[in-house]
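S.K.: Please model the entire structure based on the sequences and the hints provided.
Chain by chain, the residues run as shown.
Number of protein chains: 2
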Amino acid sequence: MDKIKIAVDCMGGDNAPGEIVKGCVEALKTHEDILILVGRSEIISKELSAYSYDKNRIEIVDAREVIATDEVPTVAIRKKKNSSMVVGLNLVKEGKASAFISAGNTGALLTGATVIIGRIKGVERPCLATLIPTEKGPSLLMDVGANADCKPSYLVQFAHMGAVYYENIMGKENPRVGIVNIGLEEEKGNQLTKEAHQLLKETDLNFIGNAEARDIMSNVADVLVCDGFVGNILLKFGEGFVSSLFRLIKGAIMTSIVSKIGALLCVKSLKGLVKSLDYSNVNGAPFLGLNSLVVKAHGSSDSRAVVGAISQCRSFIEKDIVNKIKEKM
Amino acid sequence: MDKIKIAVDCMGGDNAPGEIVKGCVEALKTHEDILILVGRSEIISKELSAYSYDKNRIEIVDAREVIATDEVPTVAIRKKKNSSMVVGLNLVKEGKASAFISAGNTGALLTGATVIIGRIKGVERPCLATLIPTEKGPSLLMDVGANADCKPSYLVQFAHMGAVYYENIMGKENPRVGIVNIGLEEEKGNQLTKEAHQLLKETDLNFIGNAEARDIMSNVADVLVCDGFVGNILLKFGEGFVSSLFRLIKGAIMTSIVSKIGALLCVKSLKGLVKSLDYSNVNGAPFLGLNSLVVKAHGSSDSRAVVGAISQCRSFIEKDIVNKIKEKM
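Residue numbers (my numbering), protein chains in the order written: chain W, 1 to 329; chain D, 330 to 658.
FYI, nobody ran anything at the bench for these hints, they're computed from the structure.
From a predicted model like this one, the values you see are computed outputs, not experimental measurements.
Hints may contain errors.
Claimed, not checked - Listed below are several chain W residues computed to face chain D (Cβ distance under 8 Å; list not exhaustive): (1) Asp70; (2) Val230; (3) Ile253; (4) Cys266.
Said to hold, decoys possible - Per the computed footprint, the stretches of chain W lying under chain D, defined by three or more beta-carbons under 8 Å from a beta-carbon of chain D, are: (5) 145-158; (6) 176-186; (7) 189-202; (8) 213-219; (9) 241-250.
As the list claims (entries may be wrong) - Once the Cα atoms are required to be at most 30 Å apart in a straight line, the calculated DSS-like pairs of lysine-lysine come out as: (10) W/Lys79 x D/Lys523; (11) W/Lys136 x D/Lys589; (12) W/Lys96 x W/Lys121; (13) W/Lys250 x D/Lys410; (14) D/Lys422 x W/Lys188; (15) W/Lys250 x D/Lys425; (16) D/Lys408 x D/Lys375; (17) W/Lys268 x D/Lys450; (18) W/Lys271 x D/Lys600; (19) W/Lys194 x W/Lys328; (20) D/Lys523 x W/Lys271; (21) D/Lys408 x D/Lys450; (22) W/Lys46 x W/Lys29; (23) D/Lys589 x D/Lys604; (24) W/Lys121 x W/Lys29; (25) D/Lys600 x W/Lys188; (26) D/Lys375 x D/Lys450.
Note that beta-carbon positions come from the ideal geometry of N, C-alpha and C, so glycine has one too.
M.R.: Given below as C-alpha cells:
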C-alpha cells in the first residue's frame with residue numbers, strides 16, 4: 001500500500017498543541033505514513049523544534065482560527081472557515097489527506113464533517129463508534145455522542161455500519177449485534193429501542209436482540225447500538241467508574257502497612273488488567289457513515305492517544321472500511 | 330411510634346419464596362414491626378416452618394395467583410385480582426398495611442400501585458428512586474426504571490421528590506440536584522435534558538445543572554434525575570461492572586503465587602470497600618409519588634436484600650416521606 005497522508009488537528013482538545021504534536025512525532029516511529037499537522041504554523045513549528053524526526057514525513061498546513069469546545073457547532077463551522085478543523089476537513093475533501101483526526105469540539109467536528117465531507121448514501125446520520133473493554137475482548141459501542149436524539153432507522157444503520165467495522169477491524173465474521181436495553185424481552189425498553197428491535201429483526205444481521213446493560217462487561221454482543229445520549233453516558237460512566245475505583249482501592253490499601261505490602265505483590269499480575277480496562281478510548285472514535293475517514297480523539301487526549309488514533313486510521317484505510325460501508329448501505 | 334405493618338410479596342422475584350420468607354424472619358430481629366406475608370399460604374407456611382420466630386409478628390394473607398416477570402403489566406394487574414401483588418397493594422390501600430414490598434415484575438408493580446394506591450396530586454408519573462454508592466457517600470438516582478420515556482416536567486417532579494427524600498432520609502439540607510447529562514453546558518444533551526434544564530433553573534431547588542456521567546462516582550450531586558431508561562442503564566451497568574471487575578481481578582491474581590499471597594494481605598483493608606460498592610441495591614427502590622409506600626426490591630433479591638427493603642420502609646414511614654412529598658407538590 002502507498003504511503004497515506006493523515007491530517008491532524010493540532011489546536012483541538014485539552015492538551016493541544018503540546019501533546020498532539022508530541023503524539024504525531026511518536027507515531028512516526030510505528031508506521032510509514034505522512035502526517036499533516038494543521039493549526040497555527042508558528043506554534044506547531046515551535047513544538048516540533050523540541051524533537052528530532054524525519055522532516056519528510058511531517059508537513060504543516062497553516063490555519064489561523066481555533067474552534068473552542070463551548071462554541072455552537074453550526075455557527076463555528078460556518079464562521080471559522082480558517083479554523084484548524086475546517087481546514088483539516090477540506091484537506092480530506094480535496095484528497096490531500098486520507099483521514100482527519102481532531103480532539104476538538106465533537107459537535108463541530110460532526111457538523112463540519114457532514115457538511116464538508118458528506119454522508120454515505122443511505123446513511124441518515126453518521127455516528128461515533130468506539131471499542132470498549134469487556135471481560136472477553138472489545139465490543140463496539142455506537143453511537144457514543146454524535147446524535148443525542150435518534151430515530152429507530154438510525155439505529156439500524158448504525159448496526160449495519162458497526163457490523164462492517166467489527167468484521168473487518170476485529171476480524172470476526174458475522175458479529176453479534178445487540179441493542180443496549182433495560183430488559184431482554186422485545187417489548188422492553190423505550191419507544192426507540194422497541195421500534196428499532198422490530199426493524200433489526202428483519203435484517204440479515206446476526207441480531208441477538210436486547211443486550212442488558214448489566215451484561216455489557218460480560219461481552220454479551222460484539223456490536224452494541226444505542227442513541228448517542230445513552231452511548232455517551234455508558235462510555236463516560238465506565239471511564240469515571242474505573243478512575244474512582246482505582247482511587248478507592250488505593251485509599252483502602254494505604255490504610256495499613258500489611259495491605260501496602262500485599263498490593264506490591266499484586267502489582268505485576270494486575271498491570272495487564274489495569275491497561276485492558278482503560279476506558280479512555282485511546283484509539284479515538286471514528287465517525288461511521290461519512291464519505292471519508294474522520295476520527296474524534298478524546299478531548300483529554302495525550303500523546304499516547306494521538307498515536308492510537310493515527311494507528312486506527314491506518315487499519316481503517318487499509319481495510320477500506322468506507323467503501324465497504326458504501327457497498328453495504 | 331406505633332408498630333407498623335409491612336406487607337411483603339412472597340411470590341415475586343428470582344429467589345421467591347425461599348429467600349423472601351427467610352429475609353422476613355431475619356428482619357424480625359432488627360425491628361419491632363409486624364410483617365404480612367402475601368402469597369400462597371401453604372407455601373409460605375411450609376417455608377416458615379423451618380424457622381423459629383415470634384408468631385405474633387408474622388401474619389399470612391393468602392393470594393392464589395402469581396404475576397410472572399414477562400407478563401404484560403396492564404393485563405396482569407387487570408386479570409389477576411387474586412395475585413400476591415394485587416392483594417398486597419390492596420392491603421395498603423385499605424390501611425391494613427403501611428407499605429408493600431415486592432421483588433416481582435416492575436412494570437406490573439408500577440401499574441398496580443398507580444391504579445390501586447394512586448398518585449399524589451401534582452405528580453404526573455411516580456418514579457423509582459435508588460441510592461447508588463459513590464466515592465463520598467450515596468447519591469439518589471431516579472428514575473431507575475418506572476418510566477422509560479419521560480417528559481421534561483416529569484424530571485422536574487422527580488427532582489422535587491428526590492430532594493425531599495434525600496433531605497429526610499440522608500439528613501442533608503438543601504441537597505444538590507443535577508441532571509444526568511453528556512456535557513456540562515446547558516445547551517448540551519438530548520431534547521429531554523435540555524428542556525428539563527430550563528425548567529429546573531426556575532425552581533427553588535439547589536440545582537447544580539448538568540451532571541456528567543463521568544462524575545457520578547465522584548459524588549457530583551446528591552440527587553441525580555434522568556429518564557427511567559438512562560437510570561436503569563446506569564444502575565445495571567454499574568452493577569455488572571463491579572461483578573466483572575471483581576472476576577477479572579480474581580483471575581489476574583490467581584495467575585501467580587506471589588500475587589495470591591499479596592491479595593491475602595489486602596483482603597482486610599478492601600473488605601469495607603467491596604461492601605460499599607455493592608450496586609445490587611440492597612435496600613430496594615421506593616416508588617416516589619404514590620399515596621402510600623411501595624418498594625421495588627431487586628429481582629434477584631436474597632434474604633439480605635429483603636431485610637434491607639424492610640428497614641428502608643421503616644425509615645420512610647418514620648420520616649413521613651409521603652406526606653412531605655404531598656406538601657411539596
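S.K.: Please go over all the hints and tell whether each is borne out by the structure.
M.R.: Hints and how they fare:
no.: 1; hint: Asp70; in the structure: holds (6 Å)
no.: 2; hint: Val230; in the structure: holds (6 Å)
no.: 3; hint: Ile253; in the structure: holds (6 Å)
no.: 4; hint: Cys266; in the structure: holds (4 Å)
no.: 5; hint: 145-158; in the structure: holds (count 3)
no.: 6; hint: 176-186; in the structure: holds (count 3)
no.: 7; hint: 189-202; in the structure: holds (count 4)
no.: 8; hint: 213-219; in the structure: holds (count 6)
no.: 9; hint: 241-250; in the structure: holds (count 7)
no.: 10; hint: W/Lys79 x D/Lys523; in the structure: holds (25 Å)
no.: 11; hint: W/Lys136 x D/Lys589; in the structure: holds (22 Å)
no.: 12; hint: W/Lys96 x W/Lys121; in the structure: holds (23 Å)
no.: 13; hint: W/Lys250 x D/Lys410; in the structure: violated (53 Å)
no.: 14; hint: D/Lys422 x W/Lys188; in the structure: holds (29 Å)
no.: 15; hint: W/Lys250 x D/Lys425; in the structure: violated (50 Å)
no.: 16; hint: D/Lys408 x D/Lys375; in the structure: holds (27 Å)
no.: 17; hint: W/Lys268 x D/Lys450; in the structure: violated (59 Å)
no.: 18; hint: W/Lys271 x D/Lys600; in the structure: holds (21 Å)
no.: 19; hint: W/Lys194 x W/Lys328; in the structure: holds (24 Å)
no.: 20; hint: D/Lys523 x W/Lys271; in the structure: violated (41 Å)
no.: 21; hint: D/Lys408 x D/Lys450; in the structure: holds (27 Å)
no.: 22; hint: W/Lys46 x W/Lys29; in the structure: holds (20 Å)
no.: 23; hint: D/Lys589 x D/Lys604; in the structure: holds (21 Å)
no.: 24; hint: W/Lys121 x W/Lys29; in the structure: violated (37 Å)
no.: 25; hint: D/Lys600 x W/Lys188; in the structure: violated (36 Å)
no.: 26; hint: D/Lys375 x D/Lys450; in the structure: violated (42 Å)
Of the numbered hints listed earlier, those contradicted by the structure are 13, 15, 17, 20, 24, 25, 26.
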